[in-house]
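J.: Going down the list, the protein sequences come from chains A and B. Numbering (the numbering used here) for the first sequence: 57 to 410. Numbering (the numbering used here) for the second sequence: 4 to 449.
By construction, these hints were calculated from the structure, which means they are not laboratory data. Treat the hints with care, as some may be off.
Keeping only pairs whose Cα atoms sit at most 35 Å apart, straight-line, the calculated DSBU-like set for lysine-lysine is [stated by the list, open to error]:
| id | chain 1 | residue 1 | chain 2 | residue 2 |
| --- | --- | --- | --- | --- |
| 1 | A | K66 | A | K185 |
| 2 | B | K408 | B | K438 |
| 3 | B | K438 | B | K428 |
| 4 | A | K208 | B | K227 |
| 5 | B | K424 | A | K208 |
| 6 | B | K79 | B | K173 |
| 7 | B | K104 | A | K208 |
| 8 | B | K208 | A | K208 |
| 9 | B | K208 | B | K173 |
| 10 | B | K131 | B | K433 |
| 11 | A | K208 | B | K439 |
| 12 | B | K305 | B | K407 |
| 13 | B | K79 | A | K208 |
| 14 | B | K255 | A | K208 |
| 15 | B | K184 | A | K208 |
| 16 | A | K208 | B | K180 |
| 17 | A | K208 | B | K353 |
| 18 | B | K305 | B | K320 |
| 19 | B | K433 | B | K208 |
| 20 | B | K305 | A | K208 |
| 21 | A | K185 | B | K227 |
| 22 | B | K131 | B | K408 |
| 23 | A | K208 | B | K131 |
| 24 | A | K208 | B | K320 |
| 25 | A | K208 | B | K309 |
| 26 | B | K255 | B | K180 |
| 27 | B | K255 | B | K408 |
| 28 | A | K208 | B | K173 |
| 29 | B | K428 | B | K180 |
| 30 | B | K407 | A | K208 |
Owing to the predicted nature of the structure, the values given are computational and were not obtained by experimental measurement.
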Amino acid sequence: MLYRENGQFKSSYGEDQQMLPILQDRRVMFGLLAFAFFGVPFLASDYLFLSILIPFLILTLAAIGLNLLVGYCGQISIGHAAFMSVGAYAAYNLALRVPQLSFLVVLVLAGLIAALVGMLFGIPSLRIKGLYLAVATLAAQFFMDWVFARVKWFTNYSHSGSVSTAPVELFGWRLDSPPEKYLFLLGVLVVFTVIAKNLVRGHLGREWMAMRDMDVAAEVIGIRPVYAKLTAFAVSSFYCGVAGALYGFIYLGSWEPLAFNLTLSLNLLFMIIIGGMGSLLGSYFGAAFIVILPIVLDQVPQMFGIAMSTATTSHLAFMIFGALIVFFLIVEPHGLARLWAIGKEKLRLWPFPH
Amino acid sequence: MKSSSRLGLRTAIVAVSAALAALSAVQVQAQAKEQFFPVLSYRVGAYAPNGTPFANGYVDYLKLLNARDGGINGVKITFEECETEYNTAKGVECYQRLKGKGPTGAAVFHTLSTGITFAVTDVTFADKIPIITAGYGRADSVDGTVFGYNFPLGGTYWGAADMLIQHVGKLEGGLDKLKGKKIALVYHDSPYGKEPIALLEERAKMHGYQLQLLPVTHPGVEQKATWLQIRQNRPDYVFLWGWGVMNSTSIKEAVATGYPRDKMYGVWWSGAEPDVTPAGDGAKGYRSLVFLAPAGQGAVHKDIVKYVYDKGQGTGKKEEIGEVLYNRGMTAALLSTEGVRRAHVKYGKKPLKGEEVRWGLENLAIDAGAIKKLGFDGFMVPVATTCADHEGGSSAMIHVWDGKKWNVQPGTYTPDMAIIKPMIKASAEKYAAEKKIAKRDCAKEQ
């Protein structure tokens, strides 16, 4: 009932090609966006912005990036935090050494540099696939960790290896209050999601998906594997590079190479597995699951006034979090996005299933 | 089946939105006469053996003040712990979670990790909450004109490295005798471990010793490659800048490679019971820096037993009272509460804001008499801070592990400020330039 598309006729190519073909989806999406842009900034507290919403938005962007590669093109990577670190350090060095650049330019350049590095590490994908490729991308992780910890030039000879950035300024607008940071990030995320959405339903995305589903068949019908795989690596690293720069500049403010370690790479991978591979919406769900749930679990005992030592809470949170991951993967191996799709399917008929 | 799953979905949505609402809701606080002390601690993870006694000491001292004196000058102390796991991201989340609690917000933070210190320092300028990094944190934050809210009270890693060099120089019969010697720094590959490098390099230029840098990645249980290098190079001294399991692993590896333990020197964070006991007898002869008397009990411990533990309110085990890290946690708590007490003189005996506590911390004057009165006789050195000097003096001694307990060796060291001051100034100015921070004018503020 809620999702019934009866009577919604498409009478032009434009209408047929819109991103959200169903009227209800459009309404919900506009409502959500309006709430996110105009409601949340007035409602949320600083804590909610700084500890939950801002990392959520940034990691969603990174998860979308990884999803383009893993979910759409079928190339597994367990080293994507490395490309985030490339973006972060590239942005740091650009902002430091060419101070007249606008932050937006820095962001795009940082993404491009990350894309170059990503393509470089994507080259092995032309020869190997599956788990072997995953191990090869692990090299990117360790190599980048090593570079940024050891090559002092990248950290501007900081004696502790930790770098810090000046507050971000955009055309004289200084992003220092949490709602401002949030709005900026939300804007970036919306733009990048729209781009990603159009990429994956355009010819490039179709090539990636063909490559994912069966590379030999794709080659036979005229898709060049070199082009398809390397563009996937480039676009994916570009997204992660931008996310990394935002993570460093807006969320952390000052960071050490450890901020982009293997744990973050694995977390990104978990996000898309739990959220749903090959689904942009899944990237949002997955990031929310991984970012928000541990924080909420950590505070549940206190919320209900249960006296418990922080150590016990922390252990419990770990266990419940792990159990939930297993639970969701058993209930729906295709991720939360698939659950949502099933829900939508049911709502189409509800409340008269037969 | 269908209806139950739908119901499940609905309850899940309700639960999630309720949780979010509870998180975001501004906590309604009674305007009580209370001062809130946030406690960032780590009782979980690779660093828990060291983090737990420190947190116990910190919390026990706060409990003691409430039980014995009814708080600070009649203002009751409240506190809340938050688990950081020595992880920078989690630490920042804890900082954000706790900074606004209590009627006036958090009084002062102890970040308890150099990485968290680096991350939080940027925010303190906006939040106006002081952070005390007693014996850790960034060395350049001694400069209060740039780092307005950082207080590396009691010592920095540059000071620590300096004192170690002075000590080995003395052993060799003069700093000039260090020429041609080899010193290896085995360090935790994090901002904590990297801090001393700048000073050791500076001193190497002056005295002509060879500095070998050997990083150990977190958490430090894998050090075979590091100690292979030490076996090949045979440095004259090894400085150990480790934390948590890394320290005991290093000592075990030293035993395995046959490197003499009495040539190994730890910083004050690698010289406590959890660092040596896992290595058993092999740790005998290992030395480290220490502030004054490390382990042991004094007047304040008796009070803690009497007012806290005998009433069943103790945080840890009674036998652990008086351990090195327990005492350090207690001293850290004392620095926070004395800062608040000092600020009461200027702002009145009421709950204070972070900015007001900062004034107290900048005007600390805890001399030998005051230390005795507080019951800390023999456990801390006098502290006297100013607006420009946020360290307040530093000195340390060397202690040796004899297999059962730590024995302090005679001889107190103080860092050579002639070397460190210019480094602090240069580094602080670089930070101010990078962050576009306007320097404070201390002459105007007092």
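J.: Taking the hints in turn, state whether each one holds.
T.: Outcome of the hint check:
1. This hinted pair does not check out: K66(A) and K185(A) have alpha carbons roughly 41 Å apart, beyond 35 Å.
2. Straight-line distance between C-alpha atoms of K408(B) and K438(B) comes to about 46 Å, which puts the hinted pair past the 35 Å bound.
3. The straight-line distance between the Cα atoms of K438(B) and K428(B) is roughly 15 Å, inside the 35 Å bound, and the hint therefore holds.
4. At most 35 Å may separate the alpha-carbon atoms for a hinted pair to count; K208(A) and K227(B) meet this at roughly 25 Å.
5. Note on K424(B) and K208(A): the hinted pairing holds, with a Cα-Cα distance of about 23 Å set against a maximum of 35 Å.
6. The straight-line distance between the Cα atoms of K79(B) and K173(B) is roughly 48 Å, outside the 35 Å bound, and the hint therefore fails.
7. Taken as a hint, the K104(B) and K208(A) pair is broken in the structure, with Cα atoms around 40 Å apart against an allowance of 35 Å.
8. A distance of roughly 19 Å separates the Cα atoms of K208(B) and K208(A); the hinted pair therefore holds under the 35 Å criterion.
9. Our distance criterion of 35 Å between C-alpha atoms is met by K208(B) and K173(B), whose separation comes to about 18 Å.
10. Simply put, K131(B) and K433(B) have alpha-carbon atoms about 22 Å apart, close enough for the 35 Å limit, and the pair holds.
11. Straight-line distance between C-alpha atoms of K208(A) and K439(B) comes to about 22 Å, which keeps the hinted pair within the 35 Å bound.
12. Straight-line distance between C-alpha atoms of K305(B) and K407(B) comes to about 23 Å, which keeps the hinted pair within the 35 Å bound.
13. Restraint check for K79(B) and K208(A): not satisfied, since their Cα atoms lie roughly 48 Å apart, outside the 35 Å limit.
14. Between K255(B) and K208(A) the CA atoms are separated by roughly 31 Å; this keeps the pair inside 35 Å, and the hint holds.
15. For the given pair, K184(B) sits about 26 Å from K208(A) by alpha-carbon distance, which is consistent with the 35 Å threshold.
16. Among the hinted pairs, K208(A) with K180(B) is consistent with the structure: their alpha-carbon atoms are about 31 Å apart, no more than 35 Å.
17. Distance check on the hinted pair: K208(A) and K353(B) sit about 48 Å apart at the alpha-carbon level, beyond 35 Å; violated.
18. Taken as a hint, the K305(B) and K320(B) pair is honoured in the structure, with Cα atoms around 15 Å apart against an allowance of 35 Å.
19. Distance restraint check for K433(B) and K208(B): the Cα-Cα separation of roughly 22 Å lies within the 35 Å cut-off, and the hinted pair is therefore satisfied.
20. Only pairs whose Cα atoms come within 35 Å are accepted, and K305(B) paired with K208(A) is rejected, the gap being roughly 50 Å.
21. The straight-line distance between the Cα atoms of K185(A) and K227(B) is roughly 33 Å, inside the 35 Å bound, and the hint therefore holds.
22. In summary, the hint linking K131(B) to K408(B) is not supported, as the alpha carbons are separated by about 42 Å, beyond the 35 Å threshold.
23. For the hint pairing K208(A) with K131(B), the CA-to-CA distance comes to about 32 Å; that is within 35 Å, so the pair holds.
24. This hinted pair does not check out: K208(A) and K320(B) have alpha carbons roughly 45 Å apart, beyond 35 Å.
25. Note on K208(A) and K309(B): the hinted pairing is violated, with a Cα-Cα distance of about 53 Å set against a maximum of 35 Å.
26. Taking the CA atoms of K255(B) and K180(B), the gap is about 30 Å. The hint holds against a cut of 35 Å.
27. For the hint linking K255(B) to K408(B), the alpha-carbon distance of about 18 Å falls within 35 Å, and the restraint holds.
28. For the hint linking K208(A) to K173(B), the alpha-carbon distance of about 33 Å falls within 35 Å, and the restraint holds.
29. Pair hint K428(B) plus K180(B) holds up; C-alpha atoms about 29 Å apart against a cutoff of 35 Å.
30. For the given pair, K407(B) sits about 42 Å from K208(A) by alpha-carbon distance, which is inconsistent with the 35 Å threshold.
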